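Engineer: Make the full structure from the sequences, and use the hints.
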Amino acid sequence: MTATLVAKDVSGGYAHRVLFDHLDLTVAPGDVVGVVGANGSGKSTLLRILGGELAPLAGTVSATPPDAFIGWLPQEHERVPGETVGEYVARRTGCAAATAAMESAAESLADGDAAADRYAAALDHWLATGAADLDDRLPAVLADLGFGDVAPESTLMTGLSGGRPHASGWPRCCARASTSCCSTSRPTTSISTVWNDSRTWCEACAVGSCWSVTIESSWRAP
Numbered sequence: 001m002t003a004t005l006v007a008k009d010v011s012g013g014y015a016h017r018v019l020f021d022h023l024d025l026t027v028a029p030g031d032v033v034g035v036v037g038a039n040g041s042g043k044s045t046l047l048r049i050l051g052g053e054l055a056p057l058a059g060t061v062s063a064t065p066p067d068a069f070i071g072w073l074p075q076e077h078e079r080v081p082g083e084t085v086g087e088y089v090a091r092r093t094g095c096a097a098a099t100a101a102m103e104s105a106a107e108s109l110a111d112g113d114a115a116a117d118r119y120a121a122a123l124d125h126w127l128a129t130g131a132a133d134l135d136d137r138l139p140a141v142l143a144d145l146g147f148g149d150v151a152p153e154s155t156l157m158t159g160l161s162g163g164r165p166h167a168s169g170w171p172r173c174c175a176r177a178s179t180s181c182c183s184t185s186r187p188t189t190s191i192s193t194v195w196n197d198s199r200t201w202c203e204a205c206a207v208g209s210c211w212s213v214t215i216e217s218s219w220r221a222p
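Position one of the sequence shown corresponds to residue 1 (our numbering), numbered consecutively onward.
Each statement offered as a hint is correct.
Computed cross-link-like contacts, SDA-like style, restricted to lysine to any residue with a CA-CA straight-line distance of at most 25 Å: (1) 8 x 53; (2) 8 x 39; (3) 8 x 21.
The hints are simulated quantities; they were obtained by calculation from the structure and are not laboratory data. Values in this document were obtained by computation on a predicted structure and should not be read as measured data.
Structural biologist: See the structure below:
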């Protein structure tokens, strides 16, 4: 699914501290948008707002179609004890939540027309996230990104060496698994390669799949 993300007159910050205000932004299918600025200027805050993880202080953020799946991939990745790589990717892409919602709605189908409508909506969202074939696609995605030795169904996230979850391939894996529009914070831990490496990835995603991509960095291209 492709999507257009629109922010209108958005202000962002925390409590009484406003980091930016009156921001208008449209991210259409195939767009690659760079957000560059100093530390603490509100780049990650903006991406969290675009991804729906943080409410704006003012303004609105909307997607077309409304059920588009908007991915937010932070710089740091929480590793839950006992969680496999496959479970981690499913959680970070929203596939796990969509599956749980769809299964819950299915259990209530006998409750009448309203329940049937809820199930239909949950099923549509489940399909939109890519959850239906995530398990089939994930091994190939991992291999393509240099994680061919990782078994998604058995390798634990906590068992990976310290740098691997933060390598540039890791957020790419989450993004490529299923998304309509991706906002990512510093998708490589090596600042010297942010421009070349991340630009190549974003261009490939945007051109190859008609995603839109918003990428944040504190590094300025020469």
